[in-house]
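Student: Sequence:
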Amino acid sequence: MKLGPYELGPNDTPEQGIYCGDTRELSKAIPDESVDLIVADPPYFQIATGDWDHQWRSVQDWAEWCLDWGEEAARILRPNGSAYIYGDDKNIAYLQVGFDTLGWGLLNHIVWSKTNYTMLKASPEAMRSYRMQGEERILFYGKDITFPSFSEIRNPKAAQPMAAYLRSERERAGVTAKEVAGAIGAYGKVNHGGAVSNWETGYNFPSKEQYEAIREYLNSKNGDEYLRHEYEYLRHEYEDLRRPFYAGILTDVWVGPAISAAHKTREAEKPHWINRRMIEASTMPDSIVLDMFTGSGSLPAVCKQLGRQYLAFEIDPDTCDIARQRVRDTQPPLFVLEPESEQLTLME
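Heads up: the sequence shown is residues 63 to 410, going by my numbering.
Be aware that a few hints might be false.
In the SDA-like style, the derived pairs of lysine to any residue whose C-alpha atoms are separated by at most 20 Å in a straight line are [what the hints assert, rightly or not]:
{"id": "1", "residue 1": "K90", "residue 2": "Q108"}
{"id": "2", "residue 1": "K283", "residue 2": "E241"}
{"id": "3", "residue 1": "K90", "residue 2": "Y68"}
{"id": "4", "residue 1": "K152", "residue 2": "A330"}
{"id": "5", "residue 1": "K326", "residue 2": "E133"}
{"id": "6", "residue 1": "K90", "residue 2": "E69"}
{"id": "7", "residue 1": "K176", "residue 2": "G196"}
{"id": "8", "residue 1": "K270", "residue 2": "Y288"}
{"id": "9", "residue 1": "K205", "residue 2": "N170"}
{"id": "10", "residue 1": "K240", "residue 2": "S259"}
{"id": "11", "residue 1": "K64", "residue 2": "I92"}
{"id": "12", "residue 1": "K176", "residue 2": "K205"}
{"id": "13", "residue 1": "K152", "residue 2": "Q108"}
{"id": "14", "residue 1": "K240", "residue 2": "S269"}
{"id": "15", "residue 1": "K176", "residue 2": "P319"}
{"id": "16", "residue 1": "K270", "residue 2": "K205"}
{"id": "17", "residue 1": "K326", "residue 2": "M346"}
{"id": "18", "residue 1": "K90", "residue 2": "E133"}
{"id": "19", "residue 1": "K152", "residue 2": "W127"}
{"id": "20", "residue 1": "K270", "residue 2": "N284"}
{"id": "21", "residue 1": "K176", "residue 2": "E331"}
{"id": "22", "residue 1": "K240", "residue 2": "G196"}
{"id": "23", "residue 1": "K152", "residue 2": "R199"}
{"id": "24", "residue 1": "K90", "residue 2": "N170"}
{"id": "25", "residue 1": "K270", "residue 2": "G244"}
By construction, these hints were calculated from the structure, which means they are not laboratory data.
Produce the complete structure using the sequences and hints provided.
Tutor: Next comes the structure, spelled out in structure tokens:
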């Protein structure tokens, strides 16, 4: 499958879905609103030892550079897409100021607390002046979000087509939400409209069985026909709008180990578990993932394991070859299970 001029990975081409070049230029060929998940692990600016992290005169220049590729990321992210942006605890504040102007909404400022962090980088004398950093930061962005709130992760706008349809059909039948709730066994002790009120406000989404029960009840009232739209049509409309989020209960503090220096293939490589968490939380099988700074290819390798399509960019040719070989050596899944939910909401 192609995305613009690029063959998505995993595939049998020499590129393996990983293309060598400047992410700012390569991204321009990607169609608008075509990517489900973007992960960006850019240079942090004067944090790593490599020359690639010291190519800007100031943190302001670095932040302007980030805004260049950030504008492309905002353009190509789908309306229900998610973006994770890595950064240093201090410099990422400059990046956020610029990214907040891109039409995105900050869902969470995630702290990755490293369980295997050591004090070897600090001298006892330095510790008199400051506390050692044992974490990194990740900005979790969505699109068309007006304010950062956990409840916004589920994107209430996504449920509105079903919500409006249920409400209009109930009103057309001349019954109350309380009557419908009582008839189908969805009555609430506090909220007398029960689950029906939640569905009509877009808080969550009924199951197919619940939808059919409402249809049967409304059709029994006055001989007219109600809820003629098929459930799957409405569900697909909902799925196209809602932001996938399937990782169970996650907070904005992610606790887990970093890769030890002896096992890294590049200095800033991120561990398998954190890549897997992002992908599983924010995509479905066959979703398209864009890795804007892939490095040694750890994220595409996890995409291959989880049955996701990906496109990855890396500016260094030698590192690009390492990333491609890593993906070739990664085994695809025997099968991919989709998450199941009776009630399509994050609040359960």
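Student: All hints, please: hold or fail.
Tutor: Consistency of the hints with the structure:
For the proposed pair K90 and Q108, the alpha carbon gap of about 27 Å is over 20 Å, so the pair is violated. Under the criterion of a C-alpha separation no larger than 20 Å, the hint pairing K283 with E241 is consistent with the structure, at around 11 Å. Annotation: proposed proximity of K90 to Y68 holds, straight-line Cα distance about 12 Å (limit 20 Å). Of the pairs offered as hints, the one joining K152 and A330 holds, with about 17 Å between alpha carbons and a cut-off of 20 Å not exceeded.
Straight-line distance between C-alpha atoms of K326 and E133 comes to about 30 Å, which puts the hinted pair past the 20 Å bound. At roughly 15 Å between alpha-carbon atoms, K90 and E69 fall within 20 Å of each other, so this suggested pair holds. At roughly 6 Å between alpha-carbon atoms, K176 and G196 fall within 20 Å of each other, so this suggested pair holds. The hinted pair formed by K270 and Y288 meets the criterion: a straight-line CA distance of about 15 Å does not exceed 20 Å.
For the proposed pair K205 and N170, the alpha carbon gap of about 13 Å is at most 20 Å, so the pair holds. For the suggested pair K240 and S259, the alpha carbons sit about 8 Å apart, so the restraint of at most 20 Å is met. For the hint pairing K64 with I92, the CA-to-CA distance comes to about 10 Å; that is within 20 Å, so the pair holds. Distance restraint check for K176 and K205: the Cα-Cα separation of roughly 29 Å exceeds the 20 Å cut-off, and the hinted pair is therefore not satisfied.
For the given pair, K152 sits about 11 Å from Q108 by alpha-carbon distance, which is consistent with the 20 Å threshold. Straight-line distance between C-alpha atoms of K240 and S269 comes to about 18 Å, which keeps the hinted pair within the 20 Å bound. Only pairs whose Cα atoms come within 20 Å are accepted, and K176 paired with P319 is accepted, the gap being roughly 5 Å. For a cut-off of 20 Å, the pair hint linking K270 to K205 is broken: about 29 Å separates their Cα positions.
Restraint check for K326 and M346: not satisfied, since their Cα atoms lie roughly 29 Å apart, outside the 20 Å limit. About 10 Å separates the Cα atoms of K90 and E133, which keeps this hinted pair within 20 Å; it holds. Taking the CA atoms of K152 and W127, the gap is near 17 Å; set against the 20 Å cutoff, the hint holds. With a CA separation close to 23 Å, the supplied pair K270 and N284 exceeds the 20 Å bound.
Taking the CA atoms of K176 and E331, the gap is about 14 Å. The hint holds against a cut of 20 Å. For a cut-off of 20 Å, the pair hint linking K240 to G196 is broken: about 53 Å separates their Cα positions. Between K152 and R199 the CA atoms are separated by roughly 9 Å; this keeps the pair inside 20 Å, and the hint holds. Between K90 and N170 the alpha-carbon distance is near 27 Å, which puts this suggested pair outside the 20 Å criterion.
A threshold of 20 Å between alpha carbons decides the hint, and for K270 with G244 the separation of about 18 Å falls inside it, so the pair holds.
The structure shown violates the earlier hints numbered 1, 5, 12, 16, 17, 20, 22, 24.
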